[in-house]
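Below are the chains, spelled out letter by letter.
There are 2 protein chains.
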Amino acid sequence: MKALVYTSSGEALQYGDYPDPTPGDGEVLVQLRAAALNHRDVWITQGLYPGIRTPSILGSDGAGVSEGNEVVINPGIDWGDNPAYPSRGYKVIGMPDDGTFAQYIAVQRNQLAPKPDHLSWEQAAALPLGGLTAYRAIFTKAKVSAGQRVLVTGIGGGVALMAAQFALAAGAEVWGTSSSAEKLQKAKKMGFAGGVNYKDADWYTQLSAHAVDFDVIVDSAGGDAFAHLVKLCRPGGCIVVYGGGKGLSSFKPQHLFWRQISIHGTSMGADQEFQDMVDFVAQHRITPVVDSVYALSDGNNAFQRMDRGLQFGKIVFSIPQ
Amino acid sequence: MKALVYTSSGEALQYGDYPDPTPGDGEVLVQLRAAALNHRDVWITQGLYPGIRTPSILGSDGAGVSEGNEVVINPGIDWGDNPAYPSRGYKVIGMPDDGTFAQYIAVQRNQLAPKPDHLSWEQAAALPLGGLTAYRAIFTKAKVSAGQRVLVTGIGGGVALMAAQFALAAGAEVWGTSSSAEKLQKAKKMGFAGGVNYKDADWYTQLSAHAVDFDVIVDSAGGDAFAHLVKLCRPGGCIVVYGGGKGLSSFKPQHLFWRQISIHGTSMGADQEFQDMVDFVAQHRITPVVDSVYALSDGNNAFQRMDRGLQFGKIVFSIPQ
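These protein sequences, in sequence, are chains A and B.
Under my numbering, think of the first position of the first sequence as 334, with each following residue one higher.
Under my numbering, think of the first position of the second sequence as 334, with each following residue one higher.
In case anyone wonders, no lab produced these hints; they're calculated from the structure.
There could be a bad hint or two in this list.
Any copy, or any two copies together, can satisfy a pair, since identical chains are not distinguished.
Said to hold, decoys possible - Simulated crosslink set (BS3-like; lysine-lysine; CA at most 30 Å straight-line):
no.	residue 1	residue 2
1	Lys-424	Lys-519
2	Lys-579	Lys-424
3	Lys-476	Lys-519
4	Lys-579	Lys-519
5	Lys-522	Lys-476
6	Lys-476	Lys-424
7	Lys-564	Lys-424
8	Lys-424	Lys-585
9	Lys-579	Lys-521
10	Lys-521	Lys-585
11	Lys-522	Lys-564
12	Lys-564	Lys-476
13	Lys-585	Lys-335
14	Lys-585	Lys-564
15	Lys-519	Lys-532
16	Lys-521	Lys-335
17	Lys-335	Lys-519
18	Lys-564	Lys-519
19	Lys-476	Lys-585
Using the sequences and the accompanying hints, generate a full structural model.
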């Protein structure tokens, strides 16, 4: 089969022939129609993950056809029985096991969910990892409900945009931050109440002039801004953290305990949450935002676009049939 | 009546005569039998609270007799209807309103709960503020249950000890940290599984050699140790923060989100939690630890003992009849 192959850190990805996967016990073959990039894929090519194996096929997001059914793939393997946290054996497809940047992948049958009818292949491939992480953040952890005020930081990212879309579908008032005026304008068209550019030195003053008392804040940036996020939360509110390499800046515990605020760490989600997320997307006819579609053979340009943070929504590969 | 009167910052407290309180609408008079100190009282005398009024009577904790009933007093006034967080009008007795370091106090009738029969006046006075804060931390926020492993930092403090006692009563395995070997020994006698001295440079290594994977950590210290607490939490566990002037040290968000950990800020508690707490104490025959009992006329020595952090449990005043 054709695949985009990762050979070693710092090297360009190689598009070419690779052995077809052989399904193991309980596994089925999926003929992929589209796949999507995550930051995880870029970080792996930069050597930022433990246990990297080469050569291998990256990619955690995919949609395709399996046993005649149109499916999306749950990127999480072996979450385990406890919805609160994953088992020790939990892993994400696309390292160490081969991923979705290929014509075929073998996955457990219970990792499949029906592709929502209203989505194209590219839109469906944009859904799984970001949708799962966002669904757990918004509903399981933050328990967002109609009428609440929600702030999502860094709205260009795949998880951030899905989180905002889920909050909008739930009837929340959603605000965003971004480093780009253009992205903020796109967000406004999607139904955001407003937003600010976090590169402005006075972003906090700008935002708090328009909206304070957020019930829920969804963040993956951390850094110096975090202390401001704590102040933007309403009493009894929460901040959900699903990423952030920078470390959380020191903040005053008083802001946390006087005001009864919680901070929840979250990442990925349980199998049931994946099924619930796909059902929610189908029911509310939510369409993941596709930033751009690349041919799989043009993989290196797609990786560069993500590494430069240019995207608004998901960067998708169409897979040759 | 006799009272311990705070006149101005930096001055010694004055023991002497003070006008009797006059109950307002819905209020009743309580003839106090004992009162107890909190850090709050000491910080007020150091000018560390906003809106300080003088002369006034400090003290948030008290037990006594009202309309022929033996009662303990809920130190929180006007929490409001939402159990998630207090109303804007919420305040704690003992500043700006007069407190419990006196022979009489006027409080709302619904602030009273029956004194548990198994407690002496001194033990009952040691219960309210620490018990309420600890109860909300342990049960409402952390949802501690039998068989869980709980770490309480700074176990000499009133809230910390009550939190540990509640967790023990719930069937948890409880560990503690302290700056004093003597306090750790006392804790061991109370049923703690063990503990470490947080002044030891290698406290984290010592503790993690004996116990890791804490379901719940209760902290009011913050500071540099906080990043270690995050690592001591098991996946899916939580840290409850009820104080800490030092600021939370910067910690890696990865430790939070990969491991699905939550941090909950908490302070005081709702009216229903106060009633539930007193019932729980009566049912499990929990006895608050009384560090020492002072005559109200000896107030300045009691304040000094707390300021120096010498106590294990509550510092109590007996009130002259």
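Verification of the supplied hints:
no.: 1; hint: Lys-424 with Lys-519; verdict: neither (34 Å within a copy, 45 Å between copies)
no.: 2; hint: Lys-579 with Lys-424; verdict: within (24 Å within a copy, 38 Å between copies)
no.: 3; hint: Lys-476 with Lys-519; verdict: within (26 Å within a copy, 42 Å between copies)
no.: 4; hint: Lys-579 with Lys-519; verdict: within (27 Å within a copy, 41 Å between copies)
no.: 5; hint: Lys-522 with Lys-476; verdict: within (25 Å within a copy, 42 Å between copies)
no.: 6; hint: Lys-476 with Lys-424; verdict: both (26 Å within a copy, 29 Å between copies)
no.: 7; hint: Lys-564 with Lys-424; verdict: between (35 Å within a copy, 21 Å between copies)
no.: 8; hint: Lys-424 with Lys-585; verdict: between (35 Å within a copy, 21 Å between copies)
no.: 9; hint: Lys-579 with Lys-521; verdict: within (28 Å within a copy, 40 Å between copies)
no.: 10; hint: Lys-521 with Lys-585; verdict: neither (33 Å within a copy, 32 Å between copies)
no.: 11; hint: Lys-522 with Lys-564; verdict: within (28 Å within a copy, 42 Å between copies)
no.: 12; hint: Lys-564 with Lys-476; verdict: both (20 Å within a copy, 26 Å between copies)
no.: 13; hint: Lys-585 with Lys-335; verdict: neither (53 Å within a copy, 39 Å between copies)
no.: 14; hint: Lys-585 with Lys-564; verdict: both (10 Å within a copy, 20 Å between copies)
no.: 15; hint: Lys-519 with Lys-532; verdict: within (18 Å within a copy, 53 Å between copies)
no.: 16; hint: Lys-521 with Lys-335; verdict: neither (40 Å within a copy, 65 Å between copies)
no.: 17; hint: Lys-335 with Lys-519; verdict: neither (35 Å within a copy, 69 Å between copies)
no.: 18; hint: Lys-564 with Lys-519; verdict: within (27 Å within a copy, 39 Å between copies)
no.: 19; hint: Lys-476 with Lys-585; verdict: both (25 Å within a copy, 24 Å between copies)
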